[in-house]
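Student: Single-letter residue listing:
2 protein chains.
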Amino acid sequence: MRSHYCGQLNETLVDQTVTLCGWVHRRRDHGGVIFLDMRDRDGIAQVVVDPDTAEAFANADRARSEYVLRIQGRVRLRPEGTQNPNMPTGLVEVLAKDVEVLNTAVTPPFQLDEHGKVGEEVRLKHRYIDLRRPEMIDKLRLRSRISHSVRAFLEGEGFLDIETPILTRATPEGARDYLVPSRTHPGSFFALPQSPQLFKQLLMVAGFDRYYQIAKCFRDEDLRADRQPEFTQIDIEASFVEEDDIMRVTERMIRQLFQEVLAVELPEFPRMTWHDAMQRYGSDKPDLRIPLELADVDDLMQRVDFKVFSGPANAEDGRVAALRVPGGARLTRKEIDEYTKFVGIYGAKGLAWIKVNERAKGLEGLQSPIVKFMENVVEALLDRVGAEDGDIIFFGADKARIVNEAIGALRVKLGEDLDLYTHDWAPLWVVDFPMFEEESDGSLSPLHHPFTSPSCSPQALEADPAAALSRAYDMVLNGTELGGGSIRIHDRAMQNTVFEILGIGEDEAREKFGFLLDALQYGAPPHGGLAFGLDRLVMLMAGARTIREVIAFPKTQSAACLMTDAPGVVSGEQLRELNIRLRQKAKPETADE
Amino acid sequence: MRSHYCGQLNETLVDQTVTLCGWVHRRRDHGGVIFLDMRDRDGIAQVVVDPDTAEAFANADRARSEYVLRIQGRVRLRPEGTQNPNMPTGLVEVLAKDVEVLNTAVTPPFQLDEHGKVGEEVRLKHRYIDLRRPEMIDKLRLRSRISHSVRAFLEGEGFLDIETPILTRATPEGARDYLVPSRTHPGSFFALPQSPQLFKQLLMVAGFDRYYQIAKCFRDEDLRADRQPEFTQIDIEASFVEEDDIMRVTERMIRQLFQEVLAVELPEFPRMTWHDAMQRYGSDKPDLRIPLELADVDDLMQRVDFKVFSGPANAEDGRVAALRVPGGARLTRKEIDEYTKFVGIYGAKGLAWIKVNERAKGLEGLQSPIVKFMENVVEALLDRVGAEDGDIIFFGADKARIVNEAIGALRVKLGEDLDLYTHDWAPLWVVDFPMFEEESDGSLSPLHHPFTSPSCSPQALEADPAAALSRAYDMVLNGTELGGGSIRIHDRAMQNTVFEILGIGEDEAREKFGFLLDALQYGAPPHGGLAFGLDRLVMLMAGARTIREVIAFPKTQSAACLMTDAPGVVSGEQLRELNIRLRQKAKPETADE
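Each protein sequence line maps, in turn, to chains A and B. If you're matching positions, the first sequence starts at 5 in our numbering and goes up one per residue. If you're matching positions, the second sequence starts at 5 in our numbering and goes up one per residue.
What the hints contain is simulated information worked out from the structure, not anything from laboratory work. Keep in mind that this is a model prediction, so the values were computed, not measured.
No more than 27 Å apart at the CA atoms, straight line, and that leaves these computed lysine-lysine pairs for BS3-like: (1) B/K220 x A/K220; (2) B/K403 x B/K376; (3) A/K589 x B/K516; (4) A/K353 x A/K311; (5) B/K338 x B/K353; (6) A/K345 x A/K403; (7) A/K516 x B/K589; (8) B/K376 x B/K365; (9) A/K589 x B/K589; (10) B/K353 x B/K403; (11) A/K311 x A/K376; (12) A/K289 x A/K345; (13) A/K516 x B/K220; (14) B/K338 x B/K417; (15) B/K516 x A/K220; (16) B/K376 x B/K338; (17) B/K311 x B/K345; (18) A/K403 x A/K311.
So, partial list: chain A residues that the calculated Cβ filter (under 10 Å) puts toward chain B: (19) V28; (20) V110; (21) A174; (22) L206; (23) V573.
Glycine residues also receive a C-beta, built at the ideal position from the N, C-alpha and C atoms.
Just chain A, same shape as in the assembly:
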């Protein structure tokens, strides 16, 4: 029905007749002539309708915002002075010969260029209108290109695209499952997969050697952060590989993706141990665009006369860390109070600081509520962090976990607030994760999942599980975990040892993962893989603020779709067929958050 997309018009088409189809983006009447900005997914073109073409003019005159039109006309250069160099099509316009109204439109709930004036709720309810905004179309187009680039790369590397089930059994990630009652097996339920983890391992046991899938995953969790109940994973697994094989191929994939889609050359990814990342950045996903680092000052603070510092400095699970911020001495008291509140979110009980006004003046040149408690170590401290005039030094002193979280988050916030970024893109690998983390009751839980291989023997693992490292690796970009993976356990005895350490009894293991344990007995190859969060990857590459912007039909924080009004009420008949009944009736519709 069209000859060109609106966005394709340019000077090379002058004097040609074109046919455009699209939406009325703006309409202006000027000097007896109608100007229509016609929009389609490729861009916007200006159309001029003259009263000489009577029928076309009458139709254009009917047209309102968001009417759907088909326009035939001749491309011409815009008159001198009316050109718009900011628009790709800004040098030309179409003089309409024919205007056809393909569909009318009632007044939309918001104007596209005024979307900021309405709440997200209105835009989600009318998502099909919000998606008309060129930046939304661009973001989903970018998403499509990213999926395509990733697929093309993986196909080229011999990975096979294999679909795994959505109606399945509970998977081992440990979040809450979405359940689907079975009609044919009354009282039984399918679970929607939290990831294809077990299936991809079984595909390796079956000998597929290299598998990938862009797979939907599901977690029924409270969506405090920027999460969605269903999300998409680029899922990868290979056999007869070691860490380095998976890391190299996926790093190449991401670098090629950035080249192809953003024309960005990423550097080779540095590798950092988990321990280093926690010490230097207080985070297992450090944002390396920010040149700030935590310095350990436990040794200096052990004997100061300030319990807030000396306590954690002497405690086994304590940490005192300093964060030097160049130029930070100009922060006001009010700003520092805000940061104190900010670290409070992470459990920090306060935020000590020293401003370095003039280091040459010694104590005189410092400004700080705490320096009086540590006069004899202050020079060593300033040396340790490399303090210079104009700096501020922040301190965290608490359990190591709290210090890392609070000062790690403060580091990122300061980087953003003070615009300290030294790079646009800072990728890295984090490696050598601990196998387990200790729960508050002293029990161990897997840092990744219970199929992650340790980097030591079963004997060494049993001897000191808390010290064991795993063969896991995370790819981090700009402070976001893009993906994580590991070499898996392919040995039944090792798997049993890990289950024992986790306190998973034989019966429980069999009940939950029996089929995988069986499979490990029948000739499982060494294997490993990685899974990327596609939504987050697209969000980063699109420069979007939330993953909702890169998902066509997202859900709200209460896991509802405002457009389709899902979830919805179902009939008693349907429930009877599924052998279930409600404990309490659905509440009448209330406004979503």
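Once you've looked at the hints, dock chain B against the given chain A.
Tutor: Leaving out everything else, chain B in the frame of chain A:
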């Protein structure tokens, strides 16, 4: 860990050292030497382990069927007389220097080359072993190539890959939905989509112009036929298009797919009206590989003295059809009795026939239990069907629907039994479907779905809905519907008219599809699309007998996964969180069908 896949070995590698990883497919001991057939996803290679290499020999000696080994050795030509020209690697073998046991294997529940000796139940339970069979790996590899070819084609045509939700609201296909109880909205349920139909239409309203997705779809139906509760669709939609645009681009896609993946050149697809297909083949998805056609003989049979024929011939909804089968006169009485039973499945009360032994002899040359009732029309009948010596002519006489189903199915069965195929691949388009079909209570229901556009005006539609044709089209290959689609209704008034005819009141329409009806008001472009069943397409291209062979982890006919034992029992705590309880407890596990 490897240098080559097993299947890659050939004469060009002679004298090179290679490293293989894979499974012991077969092991033979011969003349003090161990022969291992090593298998990986690419093929099988013969490895010779000599007692001279003591450590390698000891390891090879431990190896049993399905052990996982890593082997390093030198490629050499097999000795004269031991070459196997039927194997791609049959001219060479590897003389092992090093054999490493990467994993052991207990005795598998069945030998790969004896899989036919165990039931499908055993193979589904140990799917990861059944998938090791080279033909299974090949089928899933073909599936991956098919997905890739389709994606590459559609990307090249400017279609954007856009993901639509899995947790959503009931969709309009009318089959039973899988439901997912919502925890955050107690008493409400998500439905898993039966197709992305509504979402793709909304994407057109949003202006995405060209959309595709390889999408999971779900139907909770009793799986009598070769169906799965979750299946995969190649879903396509475009704006500003007419039937021909969609048909041309998807036909090119399928033709290119066959070229790329099977090196098959499909002919251009003929187009046949639904009416013709029913008249000539008794089916809306005729298998054109079979050169048999139904002939209408109503006019000849109206006055015969044989109620079985004259009744339907004179009834408005009746039909008498003849099917001439060349060479069929050699069918035995017993075979004819079998075919009579066969058409009984479709409701036919009998199967009349005439054998044409020697046409020149007139009635004498015919053999038939019914010819005596129609002596005066028999010559006209033989002329009508073009009877020749050696033919058999079968008859169906009943309501048209029963005749079409019974004789249509008989036609396909005879084609198969007598191997009458004239082509390997016979694609076609079926077009000009009726808008509606009449239910037994006289009401109308949509032949496709209620968003299908009629090919007439709303006025003409209202005047005689039963006669209206739709703008739908089905792609058929070898008697299987590969895909179906239509131009959709983009006009709110037309949509209302269709709902009225279907007896869907305003409230019901709003309750079910309110968001789509809203969207149609806000500037919906003309649009249409098509959806292919990927599982069935792969099945046809792979020459598989069931779709279970081209799905990695399929479900049984009772919608269960024998490997993971899904669906399973869940805890009371989980049910409480979801605000549901069971009507009756799950039965103890019973054997699946």
